[in-house]
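Undergrad: Taken in sequence, the protein lines are chains A and B.
In terms of our numbering, the first sequence opens at residue 29 and continues consecutively.
In terms of our numbering, the second sequence opens at residue 13 and continues consecutively.
Certain hints may be false.
Claimed, not checked - So the derived label-pair ranges between C-beta atoms look like this:
#1 A/ARG142 with B/ALA126: 39 to 47 Å
#2 B/PHE194 with A/ASP229: 25 to 33 Å
#3 A/GLY265 with B/GLU233: 25 to 33 Å
#4 A/GLN174 with B/GLU233: 14 to 22 Å
#5 B/LEU86 with A/GLY173: 39 to 47 Å
#6 B/SER133 with A/GLY173: 25 to 33 Å
#7 B/THR122 with A/GLY173: 23 to 31 Å
#8 B/THR122 with A/LEU121: 36 to 44 Å
#9 A/GLN174 with B/ASP132: 25 to 33 Å
#10 B/PHE103 with A/LEU121: 31 to 39 Å
#11 A/ALA313 with B/SER133: 37 to 45 Å
#12 B/SER17 with A/THR233: 53 to 61 Å
#13 B/GLY272 with A/ARG142: 31 to 39 Å
As the list claims (entries may be wrong) - Once the Cα atoms are required to be at most 30 Å apart in a straight line, the calculated DSS-like pairs of lysine-lysine come out as:
#14 B/LYS200 with A/LYS335
#15 B/LYS45 with B/LYS200
#16 B/LYS45 with A/LYS335
#17 B/LYS45 with B/LYS291
#18 B/LYS45 with A/LYS291
Hints listed in this document are in silico derivations from the structure and should not be mistaken for laboratory results.
Where a beta carbon is used, it is the ideal one built from N, C-alpha and C, also for glycine.
Residue strings, one per chain:
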Amino acid sequence: MTSTNRNTSLITLTIAVILWFMPTFRETLDYPVFFLLFGYTLFFWIAQASSWNTFTGFSGYFSFGQGAFFGAGVYAVAVLAVKRDWPLLLTFLVGGIVAAAIGLIIGVVVFRLRELRGEIFALMTLAVAFVMASIARVSPTIDGGQGAPVNNVPLPDFLGDFPTMIFRLGLIVATLAVIAAQWVQRSRLGWGLFSIRDDEDVAETLGVPTFRYKITALLITAFIAGLSGAIHSLQIGYVTIEDVFSIRVPLFVILMSILGGTKHWMGPVVGAIVVVTLNDRLNRAGFQEISDFITGGLLILMIVAVKEGLYLRMRTRPARTAIGFVAGLAIGLALGALDESLITLLAYGLGIAVLAVMLPLSWFARGRSAEAEAKVASHG
Amino acid sequence: MSLLSQSIASGILIGGLYALMSLGMSLNWGVLKIINLAHFSFILLSAYVTYELASVYGWDPFLAILITVPLFGLGGMALQWAFERFRISEFESLLLTFGLFIIFESLASTVWSADFRRIDSAANPYASSSLKIGAISLSIPTLSAFVLAVAIAFGTRYLLDQTHFGRAVRALAHDREIAGAFGVDHRKVSMQLAGLAGAYAALAGVFIAMSSSLFPGIAVEWFGIVFSVVILGGLGSTMGTLLAGIIIGTVGAVATVTWGPSTAPLVVFLILIATLLFKPDGLLGAKGGV
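Required output: the full structure, derived from the provided sequences and hints.
TA: Dropping the structure here:
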């Protein structure tokens with residue numbers, strides 16, 4: 029698992045800086061505003077999926093609690109910025125801190141158990157979102173069941189107009205989430221988490237401070253998820269309990285991470301890009317109703333057939349990935365996708381590349397790929 | 013005072029229904045080491061099938077048991093077969109059944125739409141009928157669910173204690189490898205037990221269809237209650253599950269009349285936390301046993 033080092037983070041940062049200036053040159057590059065909102069959606073899910081994976085993927089403790097952390101962030105803005113007139117940027121921070129505090133409580137209760145810690149943790153995180161929803165429903169200061177508007181908040185104008193601002197805020201949090209994941213993966217903390225995932229009892233015997241490591245990672249996850257949720261409240265505009273605490277957020281972060289692969293920070297990023305792009309195009313094409321069937325089916329397929337996730341598969345099969353992507357672009361071009369949008373073309377490329385990577389190994393060159401697989405497996 | 017005693021009585025009865033919903037879950041988890049979120053889908057779909065049979069075909073809701081129990085019993089067995097076939101671990105089972113749960117939920121909303129559905133009173137005379145004891149009235153659907161839950165809890169206990177199948181199940185729960193060495197066919201026993209759990213889910217669904225309105229998202233709302241009951245009762249403990257169901261039902265009902273309906277989930281959750289902190293094996297849970 030040493031395939032990430034400081035240079036990786038520097039490259040990530042460079043990409044982020046380039047993306048930061050995307051909105052500045054919108055006139056010159058002449059692309060529609062929709063691209064910025066699509067970019068924000070991408071950043072939002074990259075932040076959510078990466079933060080989820082930093083704890084769950086690395087430690088093996090399964091969390092359904094993403095919705096609770098996200099919801100804490102959303103309501104921090106809806107309550108403090110809208111009803112109490114706190115400065116917006118401060119409420120973002122408060123959202124992250126409240127989410128982290130919730131994570132801390134769950135962690136302290138569950139990680140003290142000797143047995144079934146993993147299972148109970150999963151169910152606790154599932155239950156916490158419901159409890160928070162019912163607290164919000166009872167308490168008129170939070171929501172009271174009526175929903176809360178998040179418009180008319182004074183927006184920080186140094187970030188530009190609304191699409192530019194939300195794009196840049198999303199970019200900041202996504203970069204933070206990805207760099208945090210990279211840092212955890214290469215740090216002592218990450219090694220500790222991996223040892224917990226492999227065998228917690230052995231790790232403990234060998235002197236890994238399991239309790240502290242788990243709590244630390246969970247705090248990172250919760251803080252970033254809360255921060256990202258706080259920013260997302262601006263995008264939602266009108267906050268309701270049903271939407272915020274629905275099963276949708278945990279479902280999608282789980283799908284993205286499992287799809288991309290949970291053992292490497294790149295996994296959730298790949299998963300988020302694939303899911304957001306394909307989902308956006310499917311919805312646009314009017315397949316909204318079957319998107320849940322696809323989501324559930326994909327999750328099952330990954331668990332049964334592609335346990336290591338897309339990212340590691342792509343690394344072991346770069347040729348297939350590239351050929352699939354190019355073939356997808358060609359098909360898209362032939363069908364006239366470029367007339368519609370670049371995103372449609374991207375969706376074709378990604379879709380075909382994913383299919384090519386997921387097909388069983390034996391369908392293409394045999395011995396070579398198996399060798400490459402063993403190599404990557406030993407290096408991570 | 014009569015309001016309080018009425019709510020305690022209905023709380024105990026609804027607790028029977030909770031126990032019925034949780035029993036299959038508890039057996040699956042305690043013995044087969046499978047956290048089966050599709051269990052909730054089975055309850056939901058069984059409720060919808062009951063609705064369909066009663067409203068469209070005019071069946072007596074009780075008769076729906078004849079269809080749903082074999083259907084979801086087989087469903088449970090098929091699922092267990094797939095778990096064995098693909099060597100699904102405990103954690104993967106959670107994820108895989110989460111995928112199934114999402115598929116079944118959207119199946120329900122495709123077939124029956126996202127609107128509230130309720131068997132009309134002409135087709136379901138039981139919903140409005142109740143048994144009066146003094147000032148307390150007990151609704152027939154929940155009363156029957158309670159009676160059935162008690163019968164099933166004791167029946168399952170007998171099955172586990174006294175039969176060859178039961179001994180095999182307990183051996184499996186204790187140590188799968190050693191049980192196999194002593195000739196327990198774990199595939200066969202697991203599938204039978206999963207079938208039983210599916211049948212319990214089907215029964216719970218029938219009573220839910222008789223007593224309340226249905227919508228696809230309702231299954232998510234059962235998560236908190238059922239997991240609290242399973243953990244409070246102790247994994248795989250039949251009597252514990254029955255007792256925990258009754259406790260949670262009663263406490264929830266009392267909280268509802270005292271502090272309002274939205275506080276019930278909060279109180280249930282506090283019970284769950286207290287259980288985890290002070291009695292993690294559950295009320296009657298024996299370590300590794302059933």
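Undergrad: Would the hint linking B/LYS45 and A/LYS291 be met if the CA-CA limit is 30 Å?
TA: Measuring from Cα to Cα gives roughly 24 Å; hence the hint holds.
Undergrad: When you check the alpha-carbon spacing of B/LYS45 and A/LYS335, does it fall within 30 Å?
TA: holds, 20 Å
Undergrad: Taking 25 to 33 Å as the stated bounds, is the beta-carbon spacing between A/GLN174 and B/ASP132 within them?
TA: Check passed, 32 Å falls within 25 to 33 Å.
Undergrad: For B/PHE103 and A/LEU121, compare the CB-CB distance with the range 31 to 39 Å and indicate the outcome.
TA: holds, 34 Å
Undergrad: Does the hinted range 31 to 39 Å hold for B/GLY272 and A/ARG142 at CB?
TA: holds, 37 Å
Undergrad: With respect to the beta-carbon atoms only, verify the hint that A/ARG142 and B/ALA126 lie 39 to 47 Å apart.
TA: 43 Å Cβ-Cβ, so the 39 to 47 Å window holds.
Undergrad: I want to verify a distance hint. Is the separation of the beta carbons of A/GLY265 and B/GLU233 within 25 to 33 Å?
TA: Holds, since A/GLY265 and B/GLU233 (Cβ atoms, about 26 Å apart) stay within the stated range.
Undergrad: Does the beta carbon distance between B/SER17 and A/THR233 stay inside 53 to 61 Å, or does it fall outside?
TA: Between B/SER17 and A/THR233, where Cβ atoms are some 55 Å apart, the hint holds.
Undergrad: Has the hinted range 36 to 44 Å been met by the Cβ atoms of B/THR122 and A/LEU121?
TA: holds, 42 Å
Undergrad: Hey, B/LYS45 versus B/LYS200, does the alpha-carbon distance stay inside 30 Å?
TA: holds, 15 Å
Undergrad: Is it true that the C-beta distance of B/LEU86 to A/GLY173 lies inside 39 to 47 Å, as the hint says?
TA: About 41 Å separates the Cβ atoms of B/LEU86 and A/GLY173, which means 39 to 47 Å holds.
Undergrad: Determine whether the Cβ-Cβ distance between B/THR122 and A/GLY173 falls within the hinted range of 23 to 31 Å.
TA: holds, 28 Å
In this structure, none of the earlier numbered hints is contradicted; all agree with it.
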